[in-house]
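Student: So you can see what is in the structure, the chains are spelled out below.
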Amino acid sequence: MEAVNDFPFWLRAQHLLNFILIGMLIRSGIEMLSSLPRLWWRQDCAPGTEWLKFTKRELPKEEGVYTSLMDEKSVHPLLSLPGRENVGLGRHWHGLSVMLWVLNGVIYVVLLFATGLWRRILPTSWDVFPEAWDSMKTYLSLEVPDISHFQPYDALQMLGYTFVIFILAPSMMITGVAMSPAVRGRFPRFVKSLGGHQGARSLHFVGMVIMAGFIVMHVSLVFLVHRDRNLVNMVFGGAEIEVSSARAAQALVIMVAVIVAVVVFWVALSYWSLADRVRAQRFTAGVTEIGRKIFLNHLRPQGAKKTAYTDGDISEFHWTNGLPPTQDESALWVRARDRDWEGLTITVRDDMNDVEKKLTIEDLKQLPRHSYIATHTCMQGWSATSRWTGVRLTDLMGQLGPRPEGARYLLAESYGLAQKMYDNRPREPFYAAIDLDTMTEEESILAYERNGHEIEDYLGAPARLRVESNHGYKHVKWVSRLMWIHDFADFGDGRGGTREDSALQAFNGRI
Amino acid sequence: MARIVSTRFLVEGVNDDWDTTKALQPLFDIFTAQGMGQATFEIVPGESTRLWIKHKEGSTPSRELIAEALARAGDYRVIDG
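Going down the list, the protein sequences come from chains A and B.
Numbering-wise, the working numbering puts 471 at position 470 of the first sequence, and it's gapless, one number per residue.
Numbering-wise, the working numbering puts 648 at position 72 of the second sequence, and it's gapless, one number per residue.
Isolated chain B (complex conformation) (with noise of 0.2 Å):
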């Protein structure tokens, strides 16, 4: 049974729970073929919002096609991970 592990992104533009609604779907959309499996956006005030990714363990989430994949959503942006 694989191994679950998560790792971290920053992202700027995600605001709101309207956000991560639209967000979330690309997300899904390149999941599997990435071998990730679940994400959560945390929106902290006066912070960047944090994007959890949680996947099997050696199968490293790519950030740029996660940052593809938010910009289909909106003008949303990787900032660091």
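Here chain A stands alone, though its shape is the one from the complex (with noise of 0.2 Å):
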């Protein structure tokens, strides 16, 4: 027998890799779907404009009355990463295994060109097109194309592979990235361009419908296709010119023990997850890091330069996750709206040095005045865009001198209370960390207006955080006090706000 090394071990083992992968990403994104199961092509996510739901559950379209987070649906860990409403560890998940899965095919493609292997994929020649469609009535008539056809991919592999690796995966990335919220900020033309936030994300979806599609096809095709050689292929890498029955089995039995592996896998890092959901985010949020630091952190949001957004692009309709405070968490905070807000102050303090200062909502506006239309993403999908208007935080932290030596973060605490704890203890103040040079961007501010008038109760008023380059879940609502910090380590369970301590979040909410 002659070996033909069609398939070398690097292709062999990419491939398979590639499959590990891509069932993590579909896993963890049905983790991401489930969070808010509803897609929509618009400036806002209004209830009842979505596209497409995978849901029941009808929303009222009276805004500020529910929370987005019931929307939720819990999905079994069989079926998605963790699963469980994990959205924080799916988000890592996801982030984990993309990083992974470019990586993976950025060498794949580096080694395609420098093997010359490319030449078998690529088309470079117009009969491509009329030899596909031979193949492709060949397959609707239920016949199998002869063996010849395949040099060791016939027409139909070579436009769909080209397509796949070439066109879809490429815009999995570009869509996905476009949800960042650094991103965003610092190219927001370019987010505009697939439709926003909302765009961004259904593009995404149907990318990942085509790439299931394809998957399942593929698949099939290697099963009823010449099944023996193409699983010799697969397997042992170079096709015997006369493949053996007994070769074909021994390529079959290694397969199938090498899906029934990676499915078990698939499952094993679920339960894994949930078994301690805190190393689960300490592991997967520390791997991502790396990723943010190398290409987001450094994106800061255009600010004043920005023409992008105007207010014909602001939402009609915004959600929300959490509702205002009430009697039993604020009374303080309840009687001042009330009384249009007379009595409430907004603490600026330094925790270091035990120095602090009230303001008054009027206080706050006589300070410098900033104003900017911004989209603001939930790590849960929906969006909204708004102009917001009021003080930059480095001018607010400015009323108590210098930054003091040893201060690390601005930690913001809100006058309502979480929503939920990681225990399930009783509630304690929502807060949220940022460090010192995202508290410095322009697009960093305590908000007092929202669209030119107060911001309303339910997004967060008189007073909310405002951070354009991170997710909502830092944009601290119903403020009740700024800090100067040393380490948010000390402060909740220590992993630098509400949502990172009970959702797992990830402390730098770039994407």
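What you were told as hints is all true, and nothing was included just to trick you.
Taking lysine to aspartate or glutamate pairs in the EDC-like style, the calculated list, with each CA pair at most 20 Å apart, reads:
#, chain 1, residue 1, chain 2, residue 2
1, A, LYS62, B, GLU633
2, A, LYS57, B, ASP605
3, B, LYS632, A, ASP339
4, B, LYS632, A, GLU59
5, B, LYS632, A, ASP329
6, B, LYS598, A, ASP277
7, B, LYS632, A, GLU64
8, A, LYS62, B, ASP605
9, A, LYS193, A, ASP312
10, B, LYS632, A, GLU63
11, B, LYS598, A, ASP424
12, B, LYS632, A, GLU457
13, A, LYS74, B, ASP605
14, A, LYS359, A, GLU343
15, A, LYS74, B, ASP593
16, A, LYS54, B, ASP605
17, B, LYS598, B, GLU618
18, A, LYS57, B, GLU644
19, A, LYS359, A, ASP396
20, A, LYS74, B, ASP592
21, A, LYS358, A, ASP396
In silico negatives: residues of chain B with every beta carbon more than 10 Å from chain A:
#, residue
22, LEU586
23, GLU588
24, GLY589
25, GLY622
26, THR636
27, ARG639
28, GLU640
29, ALA643
30, ALA647
31, ARG648
32, ASP651
33, ARG653
34, VAL654
35, ILE655
36, ASP656
Derived by calculation from the structure, the hints in this document are not laboratory data.
Since the structure is predicted, the reported quantities are computational estimates derived from the model, not experimental observations.
Glycine residues also receive a C-beta, built at the ideal position from the N, C-alpha and C atoms.
Hints given; two lone chains; assemble the complex.
Tutor: What follows is the structure in structure tokens.
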């Protein structure tokens, strides 16, 4: 038997790795989609205007009376990664998988061109189209093209693989990064060209459906068309001129065993994550932080240079995640709300030196005014564009004088309580910390107006944090105080914010 | 803009995080019809679990409907509220 080394080891290894990672991506994608199982093409996410939904729940159209968390569905860990309403971990697993998937893809493409194997995938003649059509007609008539058509791929495969590798996969990367607040803040026109956050989210979903369809078709054809030759190629690398039934059986057993092992691995990842969710967050967010540091941390919002968004882009509808404080949460906030915020103060504090100053809303309005249009994106997936007006955090904290030595973070605390604590203990005030680079960004403000009027109660009245380079879980509503702190590990559960503590989001909310 | 208030119920059977995840799903299913917007369980060892429901002022959550919803999720009962 003469072996033809058509499928070198690196190619087979990368193919297997791709299979593992695509599965992790789809499973963690299901977790993320189940957090808000609706898709829109619009500038906002008004209930009833979605083009596709995976839930029977009908939501009221009234703003500010329900929280987006009540739209979450719980998916079984066999189907999603990790399952059971864990969008934070789902997002981290997605990020970790995509980093490895892109790395695997880049190495694959480099090796493809370095070894010359690209010639059998990329069409170099227009003849590929009529030949692919002939193959298609053969398949549609439930026949199988002769093995001589496969050198090692036929024309239809060449077109399919070229589309998936060079068009579909890059499209998934582009629409994926477009959902990052840091990318949107730095490149707003790019995100707008995709239809904004919701356009990118919907296109990403459509891409996933096409990818899943390709996988089903690809795997089906492996088993239906010249199966023995395909299996021997995939497992042993070189197709013998005459594939013996024994060799094919060996390949089949090995392939089925590998597929079973991969499926067990996928499910094991879910249960490993659920067994100790904090451990899973430390691991996954730790790995993905490498990507955030390399690609996102240096992206600063355009600020005053931003012209991509105008008042015409402002959304009609704005969801909320968390409802306003009630009497049992903050009698002070409720009383002030009923008196047009009379008596309510916001404390700016140097927590290390125990120095603080209380400011009224009128005091805030005396500070330099800063206004811009930005899109708020929740880690669940909804978004809304508004004009926000307020005072830059640098100007606000300047009321205490120079930044104290040892201050490494700014922590904002709310009059409202957390929606849920990690261990379901009685709720504590909602909070979030940001690093100093993020704090000094031009679009990091304490806002007191939205769309030219006072902020609505449900969106954080009378003042809320806006940190446009990060997802919404950093944008503390109903702010009670802002503090210079040395280390966020000393607050809450020590992970840097209420959503980091309870929903296991990443401290760095740039994607 | 509707004012938001909260109502507290005491429940039995909701003892850990998995219980809260299971119990919230049927509650979310009935929320929109009941004018409810947010639910939180607070678990304190040795005490009955508290279920805080935030809702529009003037629309009181129905104890019977909440009890039915919880019962659909597991052996969970409203004991006060």
